[in-house]
Amino acid sequence: MSVAGSIFGFAIQTLAVSSIYILVAIGLSITLGTLKFVNFAHAAMYLVGVYVGLAIALKLQFSGDIASRIGLESFGFDLGFLAALAIVPIVTFGLGLLMERFVARPFYDRPDTDQILVTFGILLIVQELIRAFVGGRSITFSRPDWAEGAISLGPLGTYASWRLTIIGITAVLVLSVYLYIEYTDVGLAVRAGTEDAEMVNLLGIRATRPFLVIFGVGSGLAGAAGVVGGPVFSVIPEIGVGVLVPAFLVVVVGGVGSIVGSVVGGLLIGAVEVGLQLTAPTWSSVGIYIRAALVLLVRPAGLMGVVEVDK
Amino acid sequence: MTATNDKMAETDTQSRRDVLKTAGAAGAVGLAGLAGCLEGGGEGGSGGDGGDSEYPALGNYPIEGDTATLGFNVPQTGPYQEEGADELRAYELAADHLNNGGGWVDLWDDLSGDGVNGYEIDYVTGDTATDADTARESASRMIERDNVIMFSGGSSSATAIAQQGLGQQEKVLFMSCLTHSNDTTGGDCVRYGFREMFNAYMTGQALAPIVTEEFGDDKDFYQLYADYTWGQTVQQSMRDFFESEGWNEIDSVPTPLGSDDYSTFLQDARDSGADVLFLDHYGLDGSNSVSQAVDQGINEDMEIVVPLYNVPMAAGAGGAIEGVFGTDGWDANLDNEPTQVFAEAFEEEYGSTPSSPARLAYSATLNYAAAVERAGTFYPPEVIRELEGHEWGNGGIGDEIMRECDHQAMRDILVVRGLPESEQDANSGRYWEVVEQSSYPDAVGYDCDTGPAAECELGDYGDE
Chain A
1 MSVAGSIFGF
11 AIQTLAVSSI
21 YILVAIGLSI
31 TLGTLKFVNF
41 AHAAMYLVGV
51 YVGLAIALKL
61 QFSGDIASRI
71 GLESFGFDLG
81 FLAALAIVPI
91 VTFGLGLLME
101 RFVARPFYDR
111 PDTDQILVTF
121 GILLIVQELI
131 RAFVGGRSIT
141 FSRPDWAEGA
151 ISLGPLGTYA
161 SWRLTIIGIT
171 AVLVLSVYLY
181 IEYTDVGLAV
191 RAGTEDAEMV
201 NLLGIRATRP
211 FLVIFGVGSG
221 LAGAAGVVGG
231 PVFSVIPEIG
241 VGVLVPAFLV
251 VVVGGVGSIV
261 GSVVGGLLIG
271 AVEVGLQLTA
281 PTWSSVGIYI
291 RAALVLLVRP
301 AGLMGVVEVD
311 K
Chain B
1 MTATNDKMAE
11 TDTQSRRDVL
21 KTAGAAGAVG
31 LAGLAGCLEG
41 GGEGGSGGDG
51 GDSEYPALGN
61 YPIEGDTATL
71 GFNVPQTGPY
81 QEEGADELRA
91 YELAADHLNN
101 GGGWVDLWDD
111 LSGDGVNGYE
121 IDYVTGDTAT
131 DADTARESAS
141 RMIERDNVIM
151 FSGGSSSATA
161 IAQQGLGQQE
171 KVLFMSCLTH
181 SNDTTGGDCV
191 RYGFREMFNA
201 YMTGQALAPI
211 VTEEFGDDKD
221 FYQLYADYTW
231 GQTVQQSMRD
241 FFESEGWNEI
251 DSVPTPLGSD
261 DYSTFLQDAR
271 DSGADVLFLD
281 HYGLDGSNSV
291 SQAVDQGINE
301 DMEIVVPLYN
311 VPMAAGAGGA
321 IEGVFGTDGW
331 DANLDNEPTQ
341 VFAEAFEEEY
351 GSTPSSPARL
361 AYSATLNYAA
371 AVERAGTFYP
381 PEVIRELEGH
391 EWGNGGIGDE
401 IMRECDHQAM
411 RDILVVRGLP
421 ESEQDANSGR
431 YWEVVEQSSY
441 PDAVGYDCDT
451 GPAAECELGD
461 YGDE
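Protein sequences, first through last, are from chains A and B. Mapping of the first sequence onto the working numbering: residues 1 to 311, in sequence order. Mapping of the second sequence onto the working numbering: residues 1 to 464, in sequence order.
Derived from the structure by calculation, the hints contain no laboratory data. Computed from a predicted model, the values in this text were never measured in an experiment. From the three backbone atoms N, C-alpha and C, an ideal C-beta is built for every residue, glycine too. Hints should not be assumed to be uniformly reliable.
To be verified - Some chain A residues well away from chain B (every beta-carbon gap over 10 Å; in silico):
1. Y108
2. E195
3. A293
Said to hold, decoys possible - Computed spacing ranges between beta-carbons, pair by pair:
4. B:E214 to A:L175: 41 to 51 Å
5. A:I125 to B:E455: 24 to 34 Å
6. A:A11 to B:C405: 50 to 60 Å
Let's have the full structure, built from the sequences with the hints guiding it.
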């Protein structure tokens, strides 16, 4: 392969690996940045996205203990992938609103450890509920017919159609959220609330509503990530926990509360992972942690984060 | 800690355990004797036959009470969790059959269906998390706290090797379930461990002639392998056997166990220009790597070989396994009585078709129980001697022999090829066609002084 092809290939691989991380990390980052809420249950939205997406796009077979007991064998709408991509973010947006109102809000003023405990607990509950109904066996989330197989880009190499599709979907979703946060009143209130929530309230703006919306938006993105990521990996109940750690690293590297930071952080983590897979494969799984540690040593608030000074 | 200190710690542990067990046994005998005096005669001891008392305390022998506890230590989490879940179902079925009859217990003359050697069978379970350290800790708890007289497990080989090493140290028998590394009955073999599963060396023997005949004898191949003992021995064996058939390895690349995303590795494999790609991955890793290889269109440029298959893995990969060669130890659709009896019992209990790891779990438990019955005691050295050299032909895969020299079963292997998705049938566990049942000793097997066995030194029985 030519040098140009190698560089292009590296870029495509990095984008493909980073896409899912970025989609999940953005929701984590904005809830952590705006609401100061450590939301490990965000990965539950990814998990819900995968399984609900499967039920909408295809049909979900149930083999879990509870499903067997109540005689539930299968359920699904078989509406296709695009329907799942349209509906799932709405479902997880709604779940995000409920979670903000009934789980997050009572814990906003509690210590980080309490927030971590309750949200990680929710993630485990969702995971085990899925196992009890759907079962623990891996499921194949078939790609849509129009994205099956590989595409040859001549001297630039041959790539999986689905990977290129994911990159496109991620770019559209991230850009939409970025424009929403930057150029709408809700986004303005959120950004102002992130800087100084007390001042926003004193100015007569109810910061709780935009915060509620932004929580839902983050959850919607995680749900969308589940739909696009589902066909890449074997689907098992633990995939939520599996995506949480790299997504959190992306937030740490990129800087809390910054969409641009999440994108840059995601690309950096993805590039390190892909680079190590090509050069030192045995180090590829630990390399992203070393990269995160190095970034934090130089910039403790992350690449795009702002250091807060305690008053 | 230095090697010397390690050795001392090990010796201390053994000494403490031996003293405690001996004291416990002495106490039990004393109390039983006292009870006997008070009752004016009769045999002491509780449960089982009185013959057990002729042997000294060793490991968790003698069993206290009238229940023998077995330990089933499987991966309930991690990349091999699906295999572990199926194994656990089969272990529980085996315990039920040993106590109440059914399944192979009704076919095997050594077993009664009324417990084992007069003892009711109970069990405890553990989660190895597909991690050797966790497996060892879980097994330690079973030995120390639950006083298991035998424990079993596997998936992965690293966990099996760790556990059988512990078994040797503690003088508690370990019956390997799913472990395919050459090391398990090679350089890491132990007297207190037995393996019915075949190994990577035998996979190489079975696969190489058939695959090279299918694809031609002058091919370049590329390997991606899971970076731990199993993957390392598989890639070594594939290299040895396929290069001896005239193929040429271009490269072999390690991938971390538990990787989700193989796309970069696969892209590199495609760019290598090789004709054939070996994916030495298993479990969820195998499902992911095969699916992603097909997703990237690699099957259009290269032939794919997955040296070790099983049903949960094939189910996870779906249509991606079409045309992919591999090996497996057993198939629920084989046409013989033990296979049908086991598959029917399993389906009746769990509503699903058993996988080959499930059969291994079931077989390991029953083989141990049968050896205890033949020995007339749970005393580990006697049970080991019964297992060594044991031959049987009622395990659903033809005649098998558990060799004395390395505790490796010599047996047949299935060479299989994946079916297209349209011909797969999840209800009957049919995901491939059996290309050939490579038989021992004609097609697979090796002498005690060659292959992995040449590196095996089993260690002591504990009663020397």
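Discussion item. Please check whether I125 (chain A) and E455 (chain B) have a Cβ separation lying inside 24 to 34 Å.
Written reply: Since the Cβ atoms of I125 (chain A) and E455 (chain B) sit about 48 Å apart, the hinted range of 24 to 34 Å is violated.
Worksheet item: Does E195 (chain A) sit more than 10 Å from chain B, CB to CB?
Response: holds (37 Å)
Discussion item. The output says Y108 (chain A) does not contact chain B. Does that hold with a beta carbon cutoff of 10 Å?
Written reply: About 32 Å separates Y108 (chain A) from the closest Cβ of chain B, which puts it past 10 Å; holds.
Worksheet item: So the hint says 50 to 60 Å: do the beta-carbon atoms of A11 (chain A) and C405 (chain B) match that?
Response: Once the Cβ atoms are compared, 55 Å apart, the range 50 to 60 Å for C405 (chain B) and A11 (chain A) holds.
Item to complete: Hey, is A293 (chain A) genuinely clear of chain B, shortest beta carbon separation above 10 Å?
Response: holds (19 Å)
Worksheet item: At the C-beta level, are E214 (chain B) and L175 (chain A) separated by a distance inside 41 to 51 Å?
Response: holds (49 Å)
Of the hints listed earlier, the one the structure fails to meet is number 5.
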